[in-house]
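Assemble the whole structure, with the sequences as input and the hints as a guide.
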Amino acid sequence: MNLSLLSAGGVTSAGLGPDAITAPWPVTATHSHGGVPVQAGLIEQKDPSLLRWQKEPRLRRASPITYFMVEAVEQALQGAPHLDRGRTGVVASFFLGCLVYSIRFYRQITEEGRRFASPVLFPETVFNSPLSHVVATLGLGGPVYSQIGDKTCWASALRTAQCWLANGDCDHVIVLAAEEFDPHEVDALHSGGLLRGGLQPCEGAIALLLGPSANGPAIGAIADGYDFRTRQEGLEAAERCLAEFSPHTPLLDTTAAWTRTAAAKISRSIIGPKAMPTEGFTLSAAADTMRALDIVASGQSPEVIVPVWGLTRQVAAYRVTA
Amino acid sequence: MSATPTPQIAITGLGCVTALGADATSTWEALHAGRSARGPLTAIGVDGCRVTEGAEASLPSWPSWPEKRLRRLSRSTRLALPAVRQALSEARLLDANDRCLLPRLEMSVSTTACGMEKGEEFLRALWSKTRTGQSARVAQYQSQAQTGAIHDLFGFDGPVMTVANACAGGGNAIGHAADLIRSGMTDIVLAGGYEALSELVFTGFDGLQSLAPEACRPFDRGRRGLMLGEGAAFLVLENADRARARGANILGYLAGYGQTTDTHHLTQPAPDGAPLERAMRRALEQGRINASDVGYVNAHGTGTPFNDGAEAQAFHRVFGAGQTKLSSTKAALGHTLGAAGAIEAVLCLLALKSGQLPPQINLLDPEPLVAKALVGHGEKADLSAAMSVNLGFGGSNAAVLFTRA
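Line by line, the protein sequences give chains F and X. Note that numbering that gives the first Met the number 0 has the first sequence beginning at 0, numbered continuously upward. Note that numbering that gives the first Met the number 0 has the second sequence beginning at 0, numbered continuously upward.
Note that these hints are calculated values from the structure, not bench results. Glycine included, each C-beta is placed from N, C-alpha and C at the ideal position. Hints may be right or wrong, so weigh each one.
[To be verified] Here are some, though not all, of the chain F residues that point toward chain X, as calculated from beta-carbon distances under 7 Å: (1) E73; (2) I108; (3) F121; (4) G148.
As structure tokens, then:
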């Protein structure tokens with residue numbers, strides 16, 4: 000089941016709107032880890048287009064990631080006004096999920112005592128709460144999954160969309176990537192060895208409204224689930240994964256942090272501009288899909304392979320065709 | 000265009016670890032003995048909470064792995080591994096060294112909290128300026144660490160879909176595995192869910208005053224809340240033709256799956272249970288099975304006033320006051336969140352196989368709408384179909400329909 004893009008929505012540090020997906024994501028803030036400054040691409044949360052969602056009764060207490068998501072999905076829906084929302088499914092992918100509220104809630108537990116942690120905050124920490132807000136606010140009636148994992152869960156989410164459409168569970172699927180930044184993330188990324196290589200974390204949401212492909216640019220075969228434990232194994236996993244595709248099809252540069260070194264050893268032609276230095280995990284993976292669709296639509300190549308370097312556990316890749 | 004026949008989906012392996020037993024057999028026997036796993040919690044800190052009891056599992060030992068290596072894993076990983084082993088072993092997919100015979104095997108998995116205690120440890124260490132051991136805590140927290148440990152131990156890899164649809168996730172993971180097989184994208188999937196007790200989640204439910212201060216009493220008019228638990232369960236789902244061709248023992252079939260999202264409220268179902276009813280009807284429709292042919296429903300039945308009220312209405316509208324029996328095993332096993340749907344799927348399959356129905360324990364004053372349906376001690380039935388139903392935060396609903404082999 001090939002997937003074609005009907006419309007898109009984006010909330011990134013480059014702004015709001017579909018153009019903000021593939022535009023360079025500027026770093027907007029500096030956070031310090033152990034005295035080392037780390038630059039991050041954060042969202043301007045006082046943007047009126049985001050603040051408007053606070054007027055929705057259900058969204059009054061929602062987490063920042065919820066606002067990113069609902070805005071991105073609304074943009075995508077605006078691009079397809081005649082869509083049957085009741086037959087539209089949504090699958091969201093997260094590397095980190097509801098980080099800000101989860102950490103705030105646990106801080107309340109440890110500092111104020113278990114009995115005094117806010118019961119209002121807790122439900123908003125649950126992985127699928129943001130997506131449930133999106134579905135309730137925008138009236139989507141198809142199947143709904145929140146998927147988690149390393150960055151390859153974006154590829155897994157695309158595969159879920161293929162599965163639902165193949166089975167006729169819905170007519171269209173919105174595949175969504177979303178991440179939010181919390182300063183504690185810098186410490187976690189440092190501890191995980193991911194800051195080496197100049198990774199600049201960023202936040203936001205990208206929504207791609209996809210349907211069964213009739214003609215034109217499409218997301219095709221997906222090869223996912225190639226494991227690694229060490230960075231050397233990461234290269235081997237990538238080679239196993241990419242062996243599923245023609246060796247003559249160029250690769251999109253989707254590397255970040257340590258994967259740049261590994262990818263340099265893969266003997267395949269590279270197409271498109273160098274990957275952005277900012278890293279939004281699933282968000283970056285979603286932007287890569289858009290970049291690949293732009294490349295085939297512009298005629299630069301009839302096919303592109305888009306690798307998804309999971310950063311921590313798996314490698315995936317998929318083909319985008321004109 | 001010729002229509003491709005929809006493949007039949009067989010279950011060829013199952014396994015579970017619960018607070019009542021380290022495997023499916025011991026859990027099943029304890030359930031039928033009417034036991035509840037409720038007791039004081041030692042695995043997590045609960046001082047200061049309104050409720051301090053729950054259903055804590057004993058971590059199974061793993062003779063081939065040194066204790067030091069096991070201790071590095073999250074609690075949820077340690078619950079998941081034995082359940083996976085049981086399922087793969089029963090499906091005859093393990094060699095003599097416990098390595099999977101399939102080098103690539105797709106997984107569809109559910110969790111809500113991943114390896115949460117590792118995340119909690121990371122934050123506490125960070126706030127107390129302890130720098131040692133942080134990389135291991137980060138590595139073991141996220142869901143890919145748990146599924147990765149399964150891959151490492153049993154020697155396979157493959158696509159992993161980890162769904163975090165709150166307490167309906169276990170049902171979703173199993174339903175999605177069936178969807179993958181139906182679509183032809185794969186022909187065998189290891190599906191299930193895992194969940195360990197954690198301080199953050201326990202405190203969250205305690206703060207919402209959702210925890211039962213005494214025995215958890217699903218579908219009782221005096222119900223006062225849920226009992227949190229922990230555990231894991233996995234099933235091997237397989238295209239039935241493939242299963243037959245390789246001579247696998249078929250334990251039952253997954254006949255239908257329905258999922259809906261209830262947009263009434265973030266943490267409360269629509270009082271009339273209508274979205275859940277739609278999920279149940281979709282599962283019946285997909286399975287082409289009449290409601291009257293379903294002999295047993297394993298309810299979500301958390302024991303909270305809102306959940307059980309909505310669920311009783313949905314059950315009554317779909318199954319009426321006929322022969323379909325109903326029970327919630329959460330009174331005995333606790334609510335295992337992302338693992339619940341998987342554990343309860345295992346129980347449905349065991350009920351189909353044995354004809355024994357898990358009793359509704361702790362019942363004093365039954366909810367009138369479902370009073371006649373609730374399973375009594377020692378009840379048996381000649382079942383041809385059974386359904387597992389789950390609801391979750393965010394309005395996720397899942398209904399999975401099984402039929403007898």
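| message | For the restraint on F/F121, tell me whether the closest CB of chain X is nearer than 7 Å. | response | F/F121 check passes; min Cβ-Cβ to chain X is 3 Å, inside 7 Å.
| said: Hint validation: F/E73 versus chain X, beta carbon distance must be below 7 Å. Holds or violated? | reply: 16 Å, violated
| query | Taking the least C-beta to C-beta distance, is F/I108 closer than 7 Å to chain X? | reply | With a closest approach of 5 Å, the F/I108 hint holds.
| task | Return the status of the interface hint for F/G148: holds when the least beta-carbon distance to chain X is below 7 Å, violated otherwise. | result | 5 Å, holds
Hint compliance for this structure: hint 1 is the single one not met.
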